[in-house]
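Novice: Spelled out from the first residue to the last, the chains are:
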Amino acid sequence: MKKILMVDDQLEVRELVEVTLRAEEYQIFQAVSAEEAVEIARSERPELIIMDIMMPGEFDGLEAVRILKTAPETKECKIIILTAMGQETDKTRGYEAGADDYFVKPFSPLDLIRKVEEVLG
Amino acid sequence: MKILIVDDIKENLYMLESLLRGNGYEVESAADGVEALEKTSREDFDVIISDILMPRMDGFQLCREVKKNKKLKHIAFIFYTATYTDTRDEEFAMSLGAERFIVKPTEPDVFMEILSDVAKSHAMGTLKEPRSTIENETVYLREYNERLVKKLEDKMLALERSNTCLKESEEKYRELIDNANDAVIVFERTGYISFVNPKFCEMTGYSVDEAKKLNLKRLVHPDDFDMCIEYLEKRQAGQKVPRNYEFRLLTKEGKTVYIDNNASVLKKEGVITGVLTIVRDITARKRAKEELREASDKRKELEVIVNKSPAVAFLWRATENWPVEFVSDNVQQFGYTPGDFYSGRILFVDTVHPDDRERVAAEVAKCTREGHKEFVQEYRIITKSGGVRVLDDHTWVRRDSNGLVTHYQGIVLDITRRKRAEEKIKEHSRNLERMVKKRTRELNKALTYTEQARSRIDGIIKSIADGLIVTDIYNKVVLMNRAAEDMLGVRLSNAIDRPIDFAVQEKTLREKVKYTLDKKAARYQFDFELPGPDPRHPRIMRAITSVIQDKKGKQTGIVMIIHDVTHERETDKLKTEFISTTAHELRTPLTTIRGFSEILLVRDNISKEERKKFLSYINKQAVNLSRIISDLLNISRIESGLGFSLNKVKCSADETIESVISDYQTMSSKHSFDVVLPDKSVELFIDKEKIGQVLTNILDNAINYSPKGGRILIVGEVVGNDFSVSVEDQGIGMTPEQVDKMFHKFYRADTSDAAPEGTGLGMTIVKYIVEAHGGNVWVDSETGKWTRVRFTIPIESHKRKRGSKVAKKNHDS
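These protein sequences, in sequence, are chains A and B.
Per our numbering, the first sequence starts with residue 723, numbered consecutively.
Per our numbering, the second sequence starts with residue 4, numbered consecutively.
Any given hint could be a false lead.
[To be verified] Where chain A lies over chain B, by a calculated footprint (3+ residues, C-beta under 8 Å):
id	segment
1	590-597
2	600-613
[Claimed, not checked] To spell it out: a stretch of chain A is covered by chain B in this simulated footprint if at least three of its residues, at any positions, have a beta carbon under 8 Å from a beta carbon of chain B; those stretches are:
id	segment
3	728-735
4	826-836
Just so you know, these hints were derived from the structure itself, not from any lab.
Glycine included, every Cβ here is placed at the ideal spot set by N, Cα and C.
Could you build all of it, start to finish, from the sequences and the hints given here?
Specialist: Shown next as structure tokens:
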């Protein structure tokens with residue numbers, strides 16, 4: 723079973739993703755902030771991290787991507803960043819930070835499933 | 004009666020012949036004694052009148068022969084002589100038997116009387132006895148010889164005497180000629196000079212010998228030569244020629260001498276032998292004449308000028324009425340003749356204008372008294388025809404040896420025209436002055452106006468917060484305002500007229516500026532940074548250039564406006580942030596709605612509880628979404644100024660507050676609402692609905708941020724000119740940072756999952772509405788304890804409107 727870490731400060735979004743990916747036999751972890759994401763990622767080593775960019779906290783999602791992608795123990799994790807629609811810069815910055823793919827909110831859950839399968843191979 | 008006259012001189016014969024024939028006598032003549040005797044042998048004569056001195060046979064001899072001859076001795080013999088006039092001659096003549104001895108010349112009457120006497124005697128035969136002539140031949144001859152010798156001697160003596168006389172007179176003449184002041188020249192027929200006197204030599208420089216060899220051509224001035232030759236030849240030919248004429252001689256050195264020449268012809272025995280000329284050097288005289296003529300010409304010219312000139316000369320006697328002793332002809336310009344004055348018909352004083360007479364007289368008297376030599380005055384005169392002329396009178400005072408004034412001598416000039424012109428000029432000048440004054444006033448006004456406008460513009464330019472730099476086509480600074488000075492860090496006084504890159508110190512900016520100016524494009528823009536007060540936050544400046552053109556469209560310079568866009572940038576940044584935040588805020592509910600609705604649609608294996616949960620999520624977020632959107636619309640309206648009009652109505656503060664609170668009192672059980680209102684009902688002029696929303700938003704927050712409940716205190720009171728409303732809760736309170744950002748758009752004090760719903764726009768809207776009413780809003784808080792939000796609304800005096808109504812009411816009643 724593949725571990726997926728879902729990071730978003732909004733409860734409803736986390737729940738949505740969890741419901742979406744639940745049936746596919748993924749193990750879903752949740753984090754509410756970028757710091758928590760890094761923490762859990764280090765300990766659980768998920769195969770995939772779905773990271774919202776805009777989150778309040780010490781540092782935002784982008785920074786977390788950088789951290790995770792440079793740290794040896796987490797750089798293997800695949801990261802999909804969640805951006806708000808129309809923010810092209812987020813996409814570019816995401817890639818620059820090291821993200822593997824991006825996804826746009828609001829999204830269709832079915833599309834999310836497909837994307838996850840794609841990224842995880 | 005027949006008479007025989009004997010004389011060797013034909014003229015004498017002729018004269019006698021005429022005389023005698025005229026008196027009725029018959030006359031025959033003979034030239035000498037021989038011819039006479041011959042004639043007597045052929046004819047009979049009664050009388051013989053004979054001269055003595057004759058060739059071949061003289062009178063004595065003839066008489067002898069006649070008286071010796073018996074046939075002839077009866078003829079009366081009369082001697083008629085000029086030469087033999089001695090008494091002894093007469094004695095001898097009479098001794099020869101002559102009747103009479105007449106001496107030449109004798110008056111014809113006397114002669115005729117003697118002759119008629121003799122004729123009578125002869126006729127009467129009472130002639131003296133034929134005189135006995137000297138019988139003795141020898142005695143006769145001796146006597147005759149004596150007479151002859153005597154005659155010869157006498158003649159010799161006479162000749163000597165006359166020679167001496169001649170010599171003397173010759174010498175005298177010589178002396179005269181030699182000492183004459185004039186040159187004397189004698190020309191021979193050949194044209195050569197035969198004689199010159201010393202004066203000639205002195206005059207011409209030639210010696211006597213040289214003169215004799217002198218060619219006339221050299222002596223006479225070439226221009227006069229022909230004339231002289233002509234006269235000389237004519238004179239020598241005996242023709243009539245002017246006696247005196249002038250010409251020029253040339254001296255030996257070639258100098259010209261003017262001479263007056265008096266010439267006369269020399270004759271000897273009727274034949275012209277030469278010409279005598281007396282030559283006077285008139286050079287000096289000529290020169291004097293020339294000078295005189297010149298002087299005379301000059302004087303004539305002067306007279307003409309004087310008479311033509313308008314200046315009239317007067318000479319007045321210094322007695323009453325100033326009688327005129329002399330006045331120049333040109334006084335006629337005034338219609339008077341000199342005669343008018345001389346005759347006394349017109350007195351000078353009468354010609355002076357009556358108004359000026361006293362003054363003129365006084366001036367003359369004064370100057371005379373004070374011993375002036377001359378004086379000048381202006382006065383008017385009346386012309387003959389009654390016109391008025393203005394005169395400029397310059398008078399000299401003539402005094403005698405005692406210093407008493409005898410005459411006044413003056414020159415008067417008609418200056419009427421000049422005076423009139425002067426008057427006109429004065430008037431013109433006055434007019435001009437007036438016009439100039441007026442113009443100056445207008446100009447000053449215009450200038451003041453312009454200066455005011457200019458200083459207004461200057462003030463405007465100075466105060467423009469944007470920097471303004473004007474450069475000419477050489478990129479030299481022409482104008483810079485204060486803001487520009489501050490921005491670029493250089494004073495106008497240092498930058499003016501210098502190239503712009505001198506004014507701009509900062510390197511990158513300078514390059515940008517230069518680049519811009521070199522482009523000379525119509526509009527060009529670039530941004531640059533300037534250090535700001537906070538070193539972390541530089542100011543962003545935007546420079547826009549535009550080209551200045553003159554009327555013809557030629558480029559004359561460039562205007563650069565530098566605008567501080569830091570704030571704009573920030574605003575832009577804020578706007579971008581706002582948009583992205585808004586987008587985010589909108590995405591979030593949408594994500595839920597979209598996501599869960601799809602799950603519900605697609606998945607079969609959703610539990611009932613989960614379905615309900617999911618649907619409630621969708622519903623909540625849909626509601627949230629619409630609220631966000633309506634809030635956004637509000638804000639957008641407020642910020643754009645559109646559609647945010649306050650619908651102010653008169654309403655009671657109490658009522659407004661209580662109507663809002665009553666809703667909440669029913670809604671919330673955890674909270675208690677305490678309301679404090681003033682005793683007297685306060686009337687407010689407000690947009691009731693919007694103020695209601697303000698209260699609602701504040702109360703919502705109070706409720707949301709005091710989740711444990713508690714008392715919410717609402718106090719409404721009059722403070723000064725305002726009505727103050729405060730809402731205090733006993734909730735979780737806020738940190739200073741939270742207080743600070745409370746009114747910022749989308750700021751939510753708590754954004755955790757447990758946070759109450761809110762758009763983050765509520766307080767922003769509160770601030771807008773309260774400020775739109777002219778009021779203010781404040782927040783106080785103690786973290787963990789309480790939060791109080793207070794706002795004020797000015798109590799607007801609408802008494803004016805009311806007042807009119809009141810008046811109407813009074814009127815009606």
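Novice: None of the hints should be skipped; say for each whether it holds.
Specialist: A quick look at each hint next to the structure:
1. 590-597: That given contact holds, which follows from 7 residues of the segment 590-597 of chain B lying within Cβ reach (below 8 Å) of chain A.
2. 600-613: holds (count 6)
3. 728-735: As far as the segment 728-735 of chain A goes, the hint holds, because 5 residues have Cβ atoms under 8 Å from chain B.
4. 826-836: holds (count 6)
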